[in-house]
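**Q** Can you make the complete structure from the sequences, with help from the hints?
Sequential numbering from 100 applies to the sequence shown in our numbering.
No wet-lab data here; the hints were simulated from the structure. Note that the coordinates shown come from a computational prediction; the quantities given were computed from them, not determined experimentally. Just so you know, not all the hints are guaranteed correct.
[To be verified] Simulated pairs of lysine to any residue, SDA-like, Cα-Cα distance not exceeding 25 Å:
{"no.": "1", "residue 1": "LYS110", "residue 2": "THR126"}
{"no.": "2", "residue 1": "LYS110", "residue 2": "GLU134"}
{"no.": "3", "residue 1": "LYS110", "residue 2": "HIS135"}
{"no.": "4", "residue 1": "LYS110", "residue 2": "PRO124"}
{"no.": "5", "residue 1": "LYS110", "residue 2": "ARG121"}
{"no.": "6", "residue 1": "LYS110", "residue 2": "ARG125"}
{"no.": "7", "residue 1": "LYS110", "residue 2": "ALA120"}
{"no.": "8", "residue 1": "LYS110", "residue 2": "LEU122"}
{"no.": "9", "residue 1": "LYS110", "residue 2": "ARG123"}
[Said to hold, decoys possible] Simulated restraints on C-beta separations:
{"no.": "10", "residue 1": "PRO153", "residue 2": "ALA120", "range": "26 to 32 Å"}
{"no.": "11", "residue 1": "ALA113", "residue 2": "ALA142", "range": "43 to 49 Å"}
{"no.": "12", "residue 1": "ARG151", "residue 2": "LEU103", "range": "38 to 44 Å"}
{"no.": "13", "residue 1": "PRO153", "residue 2": "VAL131", "range": "21 to 27 Å"}
{"no.": "14", "residue 1": "LEU103", "residue 2": "SER141", "range": "32 to 38 Å"}
{"no.": "15", "residue 1": "ILE156", "residue 2": "THR126", "range": "39 to 45 Å"}
{"no.": "16", "residue 1": "GLU129", "residue 2": "ARG151", "range": "29 to 35 Å"}
{"no.": "17", "residue 1": "LYS110", "residue 2": "ALA148", "range": "31 to 37 Å"}
{"no.": "18", "residue 1": "LEU130", "residue 2": "GLN109", "range": "33 to 39 Å"}
{"no.": "19", "residue 1": "ALA148", "residue 2": "ALA120", "range": "37 to 43 Å"}
{"no.": "20", "residue 1": "ALA113", "residue 2": "ARG151", "range": "30 to 36 Å"}
{"no.": "21", "residue 1": "GLU134", "residue 2": "ASP102", "range": "15 to 21 Å"}
{"no.": "22", "residue 1": "GLY132", "residue 2": "LEU155", "range": "29 to 35 Å"}
Note that CB positions come from ideal geometry on N, CA and C, so glycine has one too.
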Amino acid sequence: MGDLFADAAQKLQAANAPLPARLRPRTLDELVGQEHVLGESSALRLAIAEDRIPSLIV
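**A** Written out as structure tokens, the structure reads:
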């Protein structure tokens with residue numbers, strides 16, 4: 100169990116975060132409309148799963 104005040108402060112900070120920070124995808128599955136880039140068998144997803152991410156600009 101965490102510190103009561105630290106937990107409350109963390110929740111308050113998260114609630115007051117800028118909208119882009121709150122809505123930013125946290126996982127690849129949260130990205131919508133990019134199936135050709137991040138689909139289950141796409142090159143980028145396989146590279147990420149194997150921890151062999153190439154140098155690229157997306």
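**Q** Checking each numbered hint in turn, tell me which of them this model violates, lowest number first.
**A** Numbers 2, 3, 11, 14, 15, 16, 18, 19, 21 and 22 - these are the hints that the structure violates, sorted from lowest upward.
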